[in-house]
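> Sequences listed follow chains F and B, in order. Residue numbering for the first sequence follows the numbering used here, beginning at -11 and increasing consecutively. Residue numbering for the second sequence follows the numbering used here, beginning at -11 and increasing consecutively.
Some hints here could point you the wrong way.
Since the list gives no way to pick one copy over another, a pair counts as held whenever it fits inside one copy or between any two copies.
[Claimed, not checked] Straight-line Cα separation of at most 25 angstroms, SDA-like style, residue types lysine to any residue; simulated pairs:
1. K65 / P241
2. K65 / R27
3. K65 / F297
4. K65 / D240
5. K199 / H136
6. K65 / P215
7. K250 / P160
8. K65 / H113
9. K65 / G2
10. K199 / R179
11. K250 / A78
12. K199 / V132
13. K65 / D271
14. K199 / F297
15. K65 / G159
16. K65 / N269
17. K65 / E299
18. K65 / S274
19. K65 / H237
20. K250 / Q0
21. K250 / G32
Hints listed in this document are in silico derivations from the structure and should not be mistaken for laboratory results. None of the values given here were measured: they were computed from a predicted structure.
Number of protein chains: 2
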Amino acid sequence: MATGARPADTPQPGLIFDTLLAYERTAALRAAIELDLFRAIGEGPGDVPWLAARCSASERGIRILCDYLTIIGFLVKQDQRYGHTPTSAAFLDPRSPSCLASISRFLGNSTMVASFNDLAEVIRHGHTLLPGEGSVEPENPVWVEFAHSMAPMMAPLAAPLGAIALEGVSGPVRVLDIAAGHGLFGIQVARQHPQARIAAVDWAPVLEVAKANARTAGVEDRYETLPGSAFTVDYGGPYQIVLITNFLHHFDPPTCVGLLRKVHRAMTPGGRVAVLDFVPNEDRVSPPMAASFSLVMLATTAAGDAYTFRELERMLRESGFEGVAAHPVPGSPHTVVTATKS
Amino acid sequence: MATGARPADTPQPGLIFDTLLAYERTAALRAAIELDLFRAIGEGPGDVPWLAARCSASERGIRILCDYLTIIGFLVKQDQRYGHTPTSAAFLDPRSPSCLASISRFLGNSTMVASFNDLAEVIRHGHTLLPGEGSVEPENPVWVEFAHSMAPMMAPLAAPLGAIALEGVSGPVRVLDIAAGHGLFGIQVARQHPQARIAAVDWAPVLEVAKANARTAGVEDRYETLPGSAFTVDYGGPYQIVLITNFLHHFDPPTCVGLLRKVHRAMTPGGRVAVLDFVPNEDRVSPPMAASFSLVMLATTAAGDAYTFRELERMLRESGFEGVAAHPVPGSPHTVVTATKS
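The shape of chain F in the complex, shown without the other chains:
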């Protein structure tokens, strides 16, 4: 998140007002998605009475919401009619195959949002105020929501990750997909490489989502599941490829090293681990989306962070890996970091 613009040379009092009211932007976009407004915008003439009827809402409410969405860049307004911007047409209208609107459910999850209610107290303590490990407490139902609703955001990453994980690989391979979630990453590897067999680790209710996606993708005969905690479940193996996606950021470095050592033991020599994560630059304040993810980890976990490449490299080396390399995913805030078991 965050625009990451260079600070203005002259004082900008408006930025303070804007930031103290930024939560209204979140509320407006979430409300529009909930009211199915972006579908109505794509379908209809776009005048207030029509939109209000289509969304079963008041005309006053729809007019003010649509004006606000125009101001913040999600609609255009002309002659008292509202229409899509390129962004809302591609990513917010449910009729678009690339629609991301469902991410509002995970990102607006009440537990996650409530973690920011008293952020000053979080900062005093230095960790989440949620009980235990926060969002990564065992069997936290938020990960079922993640698996359902974040899939459209993660899907565009699957093909690049699959290509990176499979580069130079031939013949039968066994692939371990840790914290599989929606399963799309392992499934994509199975689709790209017909001789790949996938074993997916996650909590059992989450794996139900992954299994359904594997069936839809037609790879269920090469897809097994290992329900439980990635820290304690028996991985079986050995594996030639291991995917660790959107996972290490939840834990402190010693915990990550413990997991990576366990992964290392379950791999064949020459095997490749591929870590997909938010990886900020060493300055920790760029690029904005990856760097700002640290705040989410502060508010929702006991000791997680968005790790820089050097930090990930150190953890991977400490765990026995070598040849650590970064592969930024173009057009995304994510980076794939690969390493090899010698």
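Take the given structure of chain F and dock chain B to it, following the hints.
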């Protein structure tokens, strides 16, 4: 609020992610103000251990907060030390005479913020879900908070408003200040014109704040108060000048006309009314700060709005005024609209 940028020509999925997490920006800035971080930044060497000690907070929390504030434009970072941007130095460090940090208390008022918790439902209904008239229910304590904490934001408007209200005025004048709040607008007129006597209308507990400010300004001998509702209290008079500041936006046009007629009756012929408000352009989507204020009125009032100049002109004419003119206040989202009793 809102940057009001022209929508991008290519789809920007990052804008959706950014907006769904925009509430984190609000949380981060509010937390920094609560922790008195900006004072510490101005005082000290700006390294994490020093800042954490000075703010009685954890190093992990301070590091992640300061990185985040750097990303969103409120700090700069160099060599692991954080420093002020021009904006934070001028408007967030309590040692600065122009510090605005207190506005976080009113803008973060829990009742106001909670009005956005179920914005979809607000839009269905077309009005606030708060009881009765919402934020303008009689004696709502939020206006005492407003009088205390929003004064630094309103203070820069007082001199331009006073000059506009007093233009061409000479000799003894009686001035009515409706919804006086902090009282700064009427007080400024008294300071600019030693023959002006001010009568301030607001709820009694709010007027205590205004009276204290009048004493500080040394104009208490020309300052009287009329406690009660602006709709029912006896104004006395007649007045040559009436100020109506940040008030009409809370009500629907017929209610505004009722108030303006009451004001008209309390004025001398040739007297001037000066309305200070957020006045969006006729397109209702620009400029961004004034136009986006409508959403606040949707969420917190029964029927309020940010009115355009044409709408205000119509209400003023309907109430017997003429010569309606707009005076934008440079560098502010506010406009002063003046009119004359013929």
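> Taking the hints in turn, state whether each one holds.
Going down the list of hints, with the structure as the test:
no.: 1; hint: K65 / P241; verdict: between (49 angstroms within a copy, 24 angstroms between copies)
no.: 2; hint: K65 / R27; verdict: within (16 angstroms within a copy, 43 angstroms between copies)
no.: 3; hint: K65 / F297; verdict: between (44 angstroms within a copy, 19 angstroms between copies)
no.: 4; hint: K65 / D240; verdict: between (47 angstroms within a copy, 24 angstroms between copies)
no.: 5; hint: K199 / H136; verdict: within (12 angstroms within a copy, 57 angstroms between copies)
no.: 6; hint: K65 / P215; verdict: neither (50 angstroms within a copy, 43 angstroms between copies)
no.: 7; hint: K250 / P160; verdict: within (23 angstroms within a copy, 86 angstroms between copies)
no.: 8; hint: K65 / H113; verdict: between (46 angstroms within a copy, 23 angstroms between copies)
no.: 9; hint: K65 / G2; verdict: both (24 angstroms within a copy, 22 angstroms between copies)
no.: 10; hint: K199 / R179; verdict: within (14 angstroms within a copy, 74 angstroms between copies)
no.: 11; hint: K250 / A78; verdict: neither (41 angstroms within a copy, 52 angstroms between copies)
no.: 12; hint: K199 / V132; verdict: within (13 angstroms within a copy, 57 angstroms between copies)
no.: 13; hint: K65 / D271; verdict: between (40 angstroms within a copy, 8 angstroms between copies)
no.: 14; hint: K199 / F297; verdict: neither (32 angstroms within a copy, 59 angstroms between copies)
no.: 15; hint: K65 / G159; verdict: neither (56 angstroms within a copy, 49 angstroms between copies)
no.: 16; hint: K65 / N269; verdict: between (39 angstroms within a copy, 13 angstroms between copies)
no.: 17; hint: K65 / E299; verdict: between (47 angstroms within a copy, 20 angstroms between copies)
no.: 18; hint: K65 / S274; verdict: between (34 angstroms within a copy, 11 angstroms between copies)
no.: 19; hint: K65 / H237; verdict: between (41 angstroms within a copy, 23 angstroms between copies)
no.: 20; hint: K250 / Q0; verdict: neither (51 angstroms within a copy, 39 angstroms between copies)
no.: 21; hint: K250 / G32; verdict: neither (55 angstroms within a copy, 44 angstroms between copies)
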